[in-house]
Structures are given as structure tokens and as C-alpha cells.
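Enquirer: Line by line, the protein sequences are chains A and B.
Quick note on my numbering: the first sequence kicks off at 1 and runs consecutively.
Quick note on my numbering: the second sequence kicks off at 1001 and runs consecutively.
Simulated from the structure, these hints should not be mistaken for laboratory data.
Treat the hints loosely; a few may be bogus.
[Said to hold, decoys possible] Derived contacts from chain B toward chain A, CB cut-off under 7 Å, selection only:
1. Gly-1020
2. Ser-1090
3. Met-1188
4. Gln-1190
5. Leu-1193
6. Phe-1240
7. Pro-1320
8. Thr-1321
9. Thr-1324
10. Leu-1325
11. Ser-1327
12. Val-1359
[As the list claims (entries may be wrong)] Heads up, incomplete: computed chain B residues facing chain A, CB under 7 Å, no partners named:
13. Tyr-1101
14. Gln-1103
15. Tyr-1192
16. Tyr-1196
17. Gln-1200
18. Leu-1241
19. Ser-1242
20. Pro-1357
Backbone N, C-alpha and C fix where the C-beta goes; we use that ideal spot for every residue, glycine too.
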Amino acid sequence: MGNLTPLLVDLQEGPFLAQVKERLATGDDPTQLINECRDGMEQIGKLFETQEYFISDLMMAANMFSTAMEDIKPHLKGANIGAGEKIVVGTVQGDIHDIGKNILIAVLSCNGFEVIDLGVDVPPERFVRAIQESGAKLVGLSALLTTSFLSLKHTVEVLDAAGLRPKVKIMVGGGPVNEQVRIFAGADGTARDAIGAVTLAKQFAREVA
Amino acid sequence: MSLELYRERLRRIETAAHLGVPDRVPVVLFMDFFAARHRGMKTSEFIWGGEPARIVMQETAEEFQPDGVLVGSPLHPLLMQLGAWPTKMSLPGRDLPDDAYWQFQEKEPTMLLEDYDFIIQHGWNAFLPKIIERCVDYMPAPDVFPKLMAINDQVPKDTEAWRQQGFPIFCGKADVTPFELFSAARTMTQFYLDLYRYPQKVIDAMDAALPDILEVSMGVLKTSGVNRIFLGGTREAGAFLSPKKYEQFCHPWRKQMVQAYVDAGFEVMLHLDQDWTLNLPYFKDFPAGKVSLHTDGFTDIFKAKEILQGHIALKGDVHPTMLTLGSPEEVDAYCEKLIRVVGKDGGFILSQGCDVPMVARPENVHAIVEAAHKYGVYGK
């Protein structure tokens, strides 16, 4: 029996995906495979924090993980892989940039979060609906343009008017978004990169639990 | 009077760009979309350029009184798509409100995996018709190259109009490395995966594209009346790529481009968005005194001063967010720090990071210029 963790950490896509298929074919426990992948992603997160790994490495790892999950999922047959904390994520109205948001989603998913991706140019009302329908207590608002700062603020205001503000933790992020923008928007937190955002999301998940 | 002022400003800017100590720290601003918003022109009209757009930029410069401007006219969507960002665009007035920024649609690749082979065989210019077919959806394909020629023919006239007004233009043409072109055309995610999956294909295609990019840019630059190229970059930054990958996929081409421009008698301004702090030591490979580095508030410009002093002039870097949400007092304090530290012993041009945001507070833009007069006089 192999171990997926080092292959994922070393970004060896071919051998990694081959081993996933091989072990599924021989009846290995799919939850074990997922756990090995999550261990790998945790190590990659640490390597990112120490600047040994970079965004492109994260993107490659997340892509390997999600491809593996597509193979693994049909084998789960209702097995409990641990219900992740739900988080609603989207790029705010007026902004169609999705790269930063997608990096965040990939890393959140690899860390066990259940991401509800609303896409780009998302009106505030759609955030309201998604939170109400999913019961998510975490929200991630993405923006790349300086002209979107108002949209971030407006989205937070609409969540407030809908009575959701005290029930959710709101994170904001994207190119020019910093602490100054977080304060302007009235959000709860911001992070410089996707790994920082995951750390923050984990912290918020504990707080809303 | 204007020409006298022009010469005085040009001397101030170029002294700093060549690592010298001018009479005062010069201010060069990039006011494009900001100018449109400030003067009440819809961006849906502004982006198509022409004299009305240039006049709006000139009126804005007249009001704010920098020493120079980064470019002399708006970057037309065709220049962006064929020279910097080969994707479809969402345009104000068509897909977006009349007063919005344009935005790049990077959801689907406009360069397919097999296109690497095409570029390796035929070069970048031969690939442009495919880019036009896949990206340009606002004019018929046969009109694209005549329009491009007309835009390029306009550049020297714009340069002269600015000169008559008393404002030097810092860059006469903008381009990017093959890496940046491919990363937009393939989509950033897909392109980064290509670096792991097909490294040699990427390298060979960048080699094949480079001579075409240089030939086109130099042709335009020669007639522009300005001696400096704006060489952009975002996705090669240490914020995204490891130094090892930067060495493998980025630096050799950036270095070749810089050297080729310098060999041809031009100078280079590296316009680098995002955090390039980790890449700074590599820039010592560029010819001393011929390159300036414009950062956008993400790269540590103070670290850049430590590493590149006496080799590369620095330009920057009031953060776009500070210009949008900050106060004039904050801008003033930050500019004072920039002038005292980065401007020490010359080689520094005070500027915004990237461009002045459309929604920047005008009083913050005034604060940049005022700070140069307050704190930037040398020998006082």
C-alpha cells in the first residue's frame, strides 16, 4: 500500500493520480485516501507559510486534490468524511474577477470546508438567499477593483438589513483589499492570501460554532 | 513658457531616472480612468481614445500639476488585447455601466494547448489573427490592423501635444513578456498548471514569441517621440511563483527584453503590479542606469532601495487603496517617508502605485504633488 501524502506534497501529479486509481481498484478505504490528501494539503499550507511553496504550487496541489476527489467520490457510498463548515463565497456585484476567489475556494475545499460558490458579479440579495438557504455562518466577499469597495460595503449593509449580520462572520479579500477596506466595508476580517484566509475561516468557524 | 517648463520638468525626471539627484523629487502620475471620471467623461467614450480623451487627460494634468505623465493617451482595448492581455473584455457602455472600468474575461482560454505548437512553429505575430478572432468582438476583424496602425500613428502627435502643454511623457509604448501574455490567454490557473505539465512547450513557445513582441514594440517606440518602454508584469511575481520557477520561466525572457531595448538605444520602465520583493535581487542583472522600477504598493519599495540603489531608479508607490479610502494627511505622511528614505541621494520618482484609481479622492492626488514640493527639494 502506498501513501498519497508525499506524492501530493511533491506535486507529482502522474504518480499521485495513478496511485489513487490503483488503490480504489484494489478496494482501499476511500476515506483513508481523503485523509492522506488532507494531510498533504496541511503540509503544503505550512510550506506556503514558510515561503517554500507559492501560489502556483497551491494551485497545482488543489487541482490534483480535486481531480483525485472526482475519482474517490463514487466510492464513498455514503461514508462519512466529516461535514465541513459551510462558507458562502462570491465576487461582489460589478466585479467579474474570479481568480482570487477560485484560489480561495480551492484551498478552502482542500481544508474540508463546504464552499457555496456564487460566482462573480453577485448581487447582495443572492448572498442573503444563499446564507438563508444553506445556513452558512461564514461569508467570503471578493473584489479586485477599487471601484468595488462600495459594493463590498453595500453587500455587508444588505446582509445587515436582512437581519443576518449578527449571525455570520464576513471576510473580505482580493488584490487591493486590506485592513483599511475591511473597516470601510464593515467586515469581520481580511487576509493577505488564500492560506491566511483559511486560517481566518478556521478561527471564525470556531467562534460561530 | 510651456517649452521652458517642459525642459525643466524633463531634466528633473530624467536626472532621477538616471539615478542622479535633481533639484527636487519629480512626480510622474498615471491618470487615465481617473481623468475621465474627474472631468466628467464617460469611460465608455474615454476607452476608445482619440483627441477628446487625450484632452481630458491633459486638463487633469493641468489641474494637478505633476512633473510628467506616464502615458499620453488611454490604452485602447486593442492595444491591451493584442499587446498585454489577450482575453475577451467586458466594456463600459456595452457590458458594463457607462462609467465603469473595463474588465478582462479570463474564464475560458483564448490560447489552447495545441496553440503552443503553433506559436513554436510560426511565432506570436502569426497567432494574432486567432487572438483577434477569439477576443475582439467590437469591430470586424479586417478593421483591426488598420485601426492599430492609426492608434500607433497618433502616438507622436499626442507626445507633441503634451510637450506643447509642458508635460513630458515617461513611456512611449507598453508591452509585456511572453509569460504574461500566455498567462492571460491560457488563463492564470491553466497556465500555472502548464508550467508543471508541459514546461518545455512553454519555454519553446516563449522563445518563439519573443522576437515578434520586440519587433512590434520597437517599431512603435521608434516613432513615439519617447525613448522609454513600459514593460509590465504581474504574474511572474514572487507573490505567485517560487524563485526557482521565476528563474526557469521568467527572468531569462525579461532580461533578454530589457537588454534588447537597451541595445537598441531605449530605456525601460518595469511596471510591476503585485509583490515582487523576492525578485528584487534578480534586477541587478539589468544594465545599470537604464531601467526604472515602478511598483504598486505591494512590493517593498524600501527593500528595493536597499537592494537596487545605484543600479535602478525607483518610482512609486502610493497604494491605490490609500488614494481611494485614505486621507490627504495619510498620503502626505507616506509621501514624506518615501521621499526621505527612497528619495535619499536621488534616483527616485514619486508616483502612485499602478495607476491613480478612478475613484481616488482628488485631494489625495493633490497631496502627492504637494508632498514633493514640501519635502522633495534637494540640498535644502
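Enquirer: Each hint needs a verdict: does it hold in this structure or not?
Expert: Quick rundown of the hints versus the structure:
{"no.": "1", "hint": "Gly-1020", "result": "33 Å, violated"}
{"no.": "2", "hint": "Ser-1090", "result": "6 Å, holds"}
{"no.": "3", "hint": "Met-1188", "result": "5 Å, holds"}
{"no.": "4", "hint": "Gln-1190", "result": "10 Å, violated"}
{"no.": "5", "hint": "Leu-1193", "result": "6 Å, holds"}
{"no.": "6", "hint": "Phe-1240", "result": "4 Å, holds"}
{"no.": "7", "hint": "Pro-1320", "result": "5 Å, holds"}
{"no.": "8", "hint": "Thr-1321", "result": "5 Å, holds"}
{"no.": "9", "hint": "Thr-1324", "result": "5 Å, holds"}
{"no.": "10", "hint": "Leu-1325", "result": "5 Å, holds"}
{"no.": "11", "hint": "Ser-1327", "result": "11 Å, violated"}
{"no.": "12", "hint": "Val-1359", "result": "5 Å, holds"}
{"no.": "13", "hint": "Tyr-1101", "result": "6 Å, holds"}
{"no.": "14", "hint": "Gln-1103", "result": "5 Å, holds"}
{"no.": "15", "hint": "Tyr-1192", "result": "4 Å, holds"}
{"no.": "16", "hint": "Tyr-1196", "result": "5 Å, holds"}
{"no.": "17", "hint": "Gln-1200", "result": "16 Å, violated"}
{"no.": "18", "hint": "Leu-1241", "result": "5 Å, holds"}
{"no.": "19", "hint": "Ser-1242", "result": "5 Å, holds"}
{"no.": "20", "hint": "Pro-1357", "result": "4 Å, holds"}
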